[in-house]
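**Student:** Based on the hints, put chain B in the right spot on chain A.
The listed protein sequences correspond, in order, to chains A and B. The first sequence: position 280 = 280 (my numbering), numbered continuously. The second sequence: position 53 = 53 (my numbering), numbered continuously.
Calculated from the structure, these hints are not laboratory results. Don't take each hint at face value.
As the list claims (entries may be wrong) - Once the Cα atoms are required to be at most 30 Å apart in a straight line, the calculated DSBU-like pairs of lysine-lysine come out as:
1) K131/A <-> K148/B
2) K286/B <-> K15/B
3) K148/B <-> K105/A
4) K85/B <-> K131/A
5) K73/B <-> K131/A
Unchecked claim - Some, not all, of what chain B presents toward chain A, calculated at C-beta under 7 Å:
6) L82
7) N117
8) S118
9) I193
10) E195
Beta carbons are placed, not taken as given, at the ideal position from N, Cα and C, and that holds for glycine.
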Amino acid sequence: MNKIELLAPAKDLQKAKTAIRYGADAVYLGGKQFSLRSRASNFEIEDIKEIVAFAKEYRRKVYVTVNIVFHDDDFKGIIAYLRTLADIGVDGIIIESLAVMALCKKYAPALECHISTQLSSTNSDAIRQLKMYGADRVVLAREVAMSEIEVIAQRVDIPLEVFIHGGMCSNYSGRCTLSNRMTLRDANRGGCAQSCRWKYRIYDNDRLVSDRECLLSMSSKDLRATSYIERLIRANVASLKIEGRMKSDYYIAQVTKTYRNMIDEIMIGNGIDARRIAYYDRELDKAENRPSDDGFLSGHADHSKHLYGVNGAGVTHEYVAYVKDFDLHTGRALIEVRNKFTKGDILEVFGPDMNNERFKVEDIFSLDEEVLTVVNQPMEMLWIRVPFMVKPHYMIRKVIR
Amino acid sequence: MELLVTLKKFEHLKKLSDYKVDGVILGANIFSNRYRFDLDELKKLALECIIYNLDMYVAIDVMIEEYDRSLLKEYLEFLHFLRPKGIYFADLGVYRTIREMGFATQMIYDPHTLITNSLDAEFLLHQGMDGVVAAREITLDETIAIAKNNPGAVDMQIFGYLRASSSKRHFLHNYFEYIGRDIDLSGKEDVRIIEDTRDYRMPIYEGRYGTDIYTDYILCTYKEHPQFEKYLKRGIIDSLFIEDEVLFRVLRDYKYLNEDNAYLLENNLKLAYGDLNFDKGYLYAKTNITK
Numbered sequence: 001m002n003k004i005e006l007l008a009p010a011k012d013l014q015k016a017k018t019a020i021r022y023g024a025d026a027v028y029l030g031g032k033q034f035s036l037r038s039r040a041s042n043f044e045i046e047d048i049k050e051i052v053a054f055a056k057e058y059r060r061k062v063y064v065t066v067n068i069v070f071h072d073d074d075f076k077g078i079i080a081y082l083r084t085l086a087d088i089g090v091d092g093i094i095i096e097s098l099a100v101m102a103l104c105k106k107y108a109p110a111l112e113c114h115i116s117t118q119l120s121s122t123n124s125d126a127i128r129q130l131k132m133y134g135a136d137r138v139v140l141a142r143e144v145a146m147s148e149i150e151v152i153a154q155r156v157d158i159p160l161e162v163f164i165h166g167g168m169c170s171n172y173s174g175r176c177t178l179s180n181r182m183t184l185r186d187a188n189r190g191g192c193a194q195s196c197r198w199k200y201r202i203y204d205n206d207r208l209v210s211d212r213e214c215l216l217s218m219s220s221k222d223l224r225a226t227s228y229i230e231r232l233i234r235a236n237v238a239s240l241k242i243e244g245r246m247k248s249d250y251y252i253a254q255v256t257k258t259y260r261n262m263i264d265e266i267m268i269g270n271g272i273d274a275r276r277i278a279y280y281d282r283e284l285d286k287a288e289n290r291p292s293d294d295g296f297l298s299g300h301a302d303h304s305k306h307l308y309g310v311n312g313a314g315v316t317h318e319y320v321a322y323v324k325d326f327d328l329h330t331g332r333a334l335i336e337v338r339n340k341f342t343k344g345d346i347l348e349v350f351g352p353d354m355n356n357e358r359f360k361v362e363d364i365f366s367l368d369e370e371v372l373t374v375v376n377q378p379m380e381m382l383w384i385r386v387p388f389m390v391k392p393h394y395m396i397r398k399v400i401r
Numbered sequence: 001m002e003l004l005v006t007l008k009k010f011e012h013l014k015k016l017s018d019y020k021v022d023g024v025i026l027g028a029n030i031f032s033n034r035y036r037f038d039l040d041e042l043k044k045l046a047l048e049c050i051i052y053n054l055d056m057y058v059a060i061d062v063m064i065e066e067y068d069r070s071l072l073k074e075y076l077e078f079l080h081f082l083r084p085k086g087i088y089f090a091d092l093g094v095y096r097t098i099r100e101m102g103f104a105t106q107m108i109y110d111p112h113t114l115i116t117n118s119l120d121a122e123f124l125l126h127q128g129m130d131g132v133v134a135a136r137e138i139t140l141d142e143t144i145a146i147a148k149n150n151p152g153a154v155d156m157q158i159f160g161y162l163r164a165s166s167s168k169r170h171f172l173h174n175y176f177e178y179i180g181r182d183i184d185l186s187g188k189e190d191v192r193i194i195e196d197t198r199d200y201r202m203p204i205y206e207g208r209y210g211t212d213i214y215t216d217y218i219l220c221t222y223k224e225h226p227q228f229e230k231y232l233k234r235g236i237i238d239s240l241f242i243e244d245e246v247l248f249r250v251l252r253d254y255k256y257l258n259e260d261n262a263y264l265l266e267n268n269l270k271l272a273y274g275d276l277n278f279d280k281g282y283l284y285a286k287t288n289i290t291k
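Just chain B, with the same shape it has in the complex:
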């Protein structure tokens, strides 16, 4: 399993190369709701990735509007020039456009919620995709089954907050406008919402393309690492909302993580950051289908 990290800050790149990280996922301030690198920075990052021997993957993680197709094509031509190793995309239109352009790069489908079974993964791979990211809301057994049935082509988020929803609506901006308060929380990473009868403190991020809400917990899967390492193509550590200190502690752990120390390292992490909510997500919690 290759280890990828989503890149939050330019200056992290050099440090990442010191750990056992194979590559980074990054994005621009266009066609991503969460990444904020401008195109010049992207160019520099591409160069730095070569220098630090890190694979560069670009995330295009929003749904594409019809009127943005021309801009998307321009952006993809720009990316073509940067020669990323792969592109994580959420919209089939991105895949179609890249294939029509003849842009040779790995195309990895990450719709977050939809890759929930082996057959859909197999279909998409058979039709030409290079990889898929397993859905976050399925169990460990289901994830492993998808990966086993589609060897060398299935990725998974293995650490970080899980995205729980994605909307084109600007929930925060609209709300404050409605109640008449001059508050702008767009682009801020320290905004949380709590349902009125529950305690879940969920990160909410409002960007150019809408609003994403994340789980109140951080998925932590050290103990499952041996299985992931065996079957996944790439494991993704998502750094969004994670403090630098925690992120680099986790990367250090992954550098040494193996079957023998996984339990110890995971328990130590939880002890070191007792105020953070680490969880197994849906790995052992099968969601049900009745109300």
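Okay, chain A solo, but in the shape it has when bound:
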């Protein structure tokens, strides 16, 4: 089996580093300009420089999203920006605009140009056309079925990238302006209000035909492709992409680590069975916040792939602390608190090189050595006794169910 890239999102510097530490082969992130996800923190050039240097240490790659749907005014400064990205060692850019690709080829040819899913590439003819225009990689539309991906991959000679996890647009990406109409916020320039997830009444002529208690929502379940990872690897897809530039550090760590382990297990063992897939699904349950399924990978999206009146799946674990240090002599971990936990709770630790180790909370101390029984101040620094060695950047979660 060919090596496949695991590509993780990063909202900010810390999350980019987390993604790399937890097993991503590459990260994608947005700069302050030209990028969708306007609510994501997005990176200054200095931050991008820092993450590129960090990634090079780990021999990982960095891609920058330049994926707004450009209006004439948006091009101001684009050439200098592309040159800067190339100069600081960014590996590639993710674009919707073919004009930006042409500018990149001319002024910053060291950058690879990856065609964003916003171009909704659903067939091999479209992909071959994009290659002719100069694309170095194409991100497939989320509407493409697994069986189609296998055929497309055989018919094109350009690397393909496939979404495997995270939020799904219910409409073709890039071809939806519901948000524009509802809120004047431009869905294709980072302002999407997710109007598809709102509730709608349906009228057939003037007759109300929707259920008053359960209105229409176009909201889609999130994507989770665990059952398809082996087939995607065997199909010679180049890159498996996790969605979620708005997601938390914990989410990035857990999801990236789960897919990293899964890919490695498939590569080493030349396959994976249903029992192990179920295990990885349980791992992802620890980070989910919305119900998920396999989207269009299994073919048609019927009603089971929608969310009607449901917003969250309920997580099985809650992220409670980030490990900053560990004192071997006292067996105490210095932690930064994220969420409430109390003495007696069962906590689970995981890290880049540790899967899941559980312990019962016995001793909690403030930095002034005051003994505590309840922790509920986010970002507070505390000591907690852990019955095994932990390392900086490990994460601790509370077992809820």
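**Tutor:** Relative to chain A, chain B alone:
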């Protein structure tokens, strides 16, 4: 500017020829989510277009699935025989296939939302496309700039409901299945959705290829006509969801529309159909990029 109308009914063709219409856009019940002409009807329409001296353009307005490529090729071979003046397409795969077939027809890219700047239009035209349709969600100034920078190659929808989203999902069918009601609204033009906290009454159309949602208003641009006439290659009147009476009133107006009467005719239209929601869309409403 040439004036094109999307064709809803076979019997409209003769009437359209009586107005100042240069051509029609039509489609088949395959590779279009909204048109429902079968291939025999398409053949007859091609002949009628010649008789009535109307240019015929065919819309292939859906994204093509990999397994449909062979069927697409068959369909394009059929269209080749009909010799349409041009094809409006949404998927670059259609363009690629037609060029590989050596099918000489004008190829006009209409992804609805993506032609938002002059440089992208220029790139695509330079690479061989014959025309592009400006995005619906950009301003008048932006549209005119794209058209000025790419003379003779930019089209725009100038009247009708604007498509606000397009999905492969069958939203209505799935919803009714979920709530256990035996209701089938596919192919119906009089279905509307209203967001629970707003009043926008938006047409929703579910077809073979998925679901499209349209704006609650009808774009009406009589007053902007002088500018469009000067810079656009083709102006498109979309008849979808428009009552015949209104459509032919609009076509009559366009027959006589000029700089001097544009305001009067537009105001008269609004007065005549006070129950319809005419609007300028995004022409003067720049969308913003922050949340």
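**Student:** Take the hints in turn and mark each one as holding or not.
**Tutor:** We went through each hint and held it up to the structure:
1. K131/A <-> K148/B: holds, 29 Å
2. K286/B <-> K15/B: Violated, at roughly 37 Å.
3. K148/B <-> K105/A: Cα-Cα ~26 Å, so holds.
4. K85/B <-> K131/A: The hint holds at about 28 Å.
5. K73/B <-> K131/A: holds, 21 Å
6. L82: Nearest chain A Cβ about 21 Å off; hint violated.
7. N117: With a minimum Cβ separation of about 5 Å from chain A (threshold 7 Å), the hint on N117/B holds.
8. S118: Holds - the Cβ of S118/B comes within 7 Å of chain A, reaching about 6 Å at its closest.
9. I193: holds, 4 Å
10. E195: With a closest approach of 5 Å, the E195/B hint holds.
When each numbered hint is compared with the structure, violations occur for hints 2 and 6.
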